[in-house]
Amino acid sequence: MATRASPEPARRLRGVDFALVLWPSFLAACAASLLFFAAVDPAMLRDAGPHLFAGLDREAGYALGFLFFWAVGALASTVSIYLIRTERSAGRADPPGDA
Amino acid sequence: MSVARLKSVPAPDAGDGAFYAAAEKIYPREISGRFSRLRRAAVIVLLGLFYGVAWLEWDGHQAILFDLPARKFHLFALTLWPQDFLYLALLLIIAALSLFFFTALAGRLWCGYACPQTVWTELFVWIEQWTEGTRSRRMKLDRGPWTAQKVLRKTLKQVLWVALAAWTGFTFVGYFTPIRTLGGGLAHLSLGPWSGFWVVLYGLATYGNAGFLREQVCKYMCPYARFQSAMFDKDTLIISYDPARGEPRGPRRRGTAARAAGLGDCIDCTLCVQVCPTGIDIRKGLQYECIACGACIDACDEVMDKMASPRGLIRYTTEHAVQGAATRLVRPRMLVYGALLTAGAAALVYSLFMRVPLILDVIRDRNSLYREVRGDRIENAYSLKVINLDDRPHSYSLAVSGMRGLELAAPLAPISVPSGSVSNIPARLDVPATDAGGVHSISLTLTALDAPGIRVRETSRFVGPAP
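Listed in order, the protein sequences are those of chains C and G.
Quick note on my numbering: the first sequence kicks off at 10 and runs consecutively.
Quick note on my numbering: the second sequence kicks off at 110 and runs consecutively.
Hints listed in this document are in silico derivations from the structure and should not be mistaken for laboratory results.
Don't be surprised by glycine CBs; every beta carbon is placed ideally from N, CA and C.
Don't take each hint at face value.
[Unchecked claim] Looking from chain C toward chain G, a few residues come up when the C-beta cut is under 10 Å (computed):
(1) Leu29
(2) Pro33
(3) Ala47
(4) Tyr91
Using the sequences plus the hints, can you model the full thing?
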């Protein structure tokens with residue numbers, strides 16, 4: 010629990026940060042998977058793609074695709090949170106320049 | 110510990126970096142009344158549909174199945190393929206517009222009665238009430254030591270929750286892989302690794318969201334909760350406490366003439382706060398945490414009945430009505446949302462009725478413009494892509510038109526395409542050299558031999574020597 014006394018309260022990682030990273034990226038991954046797999050058949054990736062995809066069945070393709078989109082989204086959210094949390098005036102009660 | 114925590118009220122503007130006060134566990138009080146009955150009915154109907162429809166059969170296949178492994182979607186008599194993505198997009202647009210329309214009309218109907226978060230939370234709370242008892246008993250149980258009784262009740266609750274969550278995950282995945290196959294796999298413990306993964310993931314999500322996070326999903330995770338107020342105006346139905354009637358609030362003996370004692374109708378029993386699933390006090394005015402479930406209305410009506418005061422101290426009303434003005438149902442916002450919604454629905458119905466389960470793509474051979482062939486004729490080559498979107502195989506005949514003397518040289522036999530498949534067919538057309546000069550627009554028509562209604566027409570070009 011952050012308190013008024015701690016010098017840089019906003020920089021600490023909190024439980025809610027995990028939710029803020031994982032949840033929006035989950036929603037984005039759902040949308041991305043829907044659009045991507047409407048156009049691309051995972052079996053096509055296996056047949057046409059590099060060796061990386063050899064032995065991939067459709068179900069694995071969907072799942073890995075979804076997890077990939079989720080990971081990319083989570084990365085973006087993580088960077089966003091990091092930038093917000095480490096901003097000079099982040100989370101301070103006082104206006105910037107006053108501290 | 111911050112001030113926010115001590116007051117046990119979430120203080121979003123605490124300003125000390127504690128944007129999120131540690132969540133206090135909320136013990137929603139059991140409640141009965143008009144809106145509780147409505148919500149219970151919604152839970153039974155919606156969850157009944159969810160758990161039941163997955164097992165419905167239609168014409169030899171699962172009635173609703175988004176068969177991802179086979180890449181086709183069964184919706185009763187309709188079979189859709191990835192090429193039909195347009196319909197899904199239209200459906201999502203219609204869903205979003207309906208949400209806007211009904212939010213502007215009646216506030217957070219979706220949140221209070223239909224959102225999966227609300228519906229499953231309700232079900233999980235029922236289990237909690239059944240195993241751990243009423244609100245006060247649950248609070249006492251949580252405060253008390255770990256007696257055998259407590260262990261038993263908590264264990265029973267968890268077992269039921271986990272079982273329900275697992276069944277939910279299983280049913281959910283059953284909409285994407287045939288549920289009977291999935292059930293067989295589960296019974297023989299031979300579930301595919303990915304099916305197993307999804308069942309566990311959705312089971313965990315259900316358990317976490319409905320058992321543990323509950324109102325925090327609405328408060329911290331739901332984007333709709335944050336922007337729904339943009340759809341609100343002063344004529345939107347909201348749940349509101351009537352301060353003019355209720356204040357000054359305070360306890361009194363039954364039968365006290367409130368006005369004579371200088372009191373309003375609110376007896377400050379705090380039942381409206383105790384029944385609230387998000388733990389807010391509706392008497393502080395409209396708050397974005399309010400999911401408009403109506404539990405506080407039921408609680409307050411019951412108290413007003415006991416106090417022999419008229420019902421409706423907390424009620425569904427509009428900002429205009431509270432201010433004494435008339436509520437307008439028809440307003441520009443409603444007309445715009447309504448018009449867009451009607452247009453979207455009409456487009457979907459029309460395009461579904463006009464849908465021909467056949468796609469023909471005609472691509473002119475890029476390698477040569479034309480070729481002179483036997484019998485003093487000029488020939489053009491094309492490659493045809495025929496996609497059969499019907500749920501049974503068809504044979505198609507190809508016809509060409511658009512130029513004098515235009516004839517099909519190949520393919521001469523009907524084109525057979527299995528259900529849901531794509532066939533690439535080379536085609537050659539020719540015309541007498543005397544008629545071939547210049548560039549001509551032609552059309553190719555594909556007709557199913559056994560169903561003349563399945564017919565598509567595509568245009569292309571025929572190129573001959575410069576005249």
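Taking the hints in turn, this is what the structure says about them:
1. Leu29: Constraint on C:Leu29 satisfied, holds at 8 Å.
2. Pro33: 8 Å, holds
3. Ala47: With Cβ-Cβ at 4 Å, under 10 Å, it holds.
4. Tyr91: 16 Å, violated
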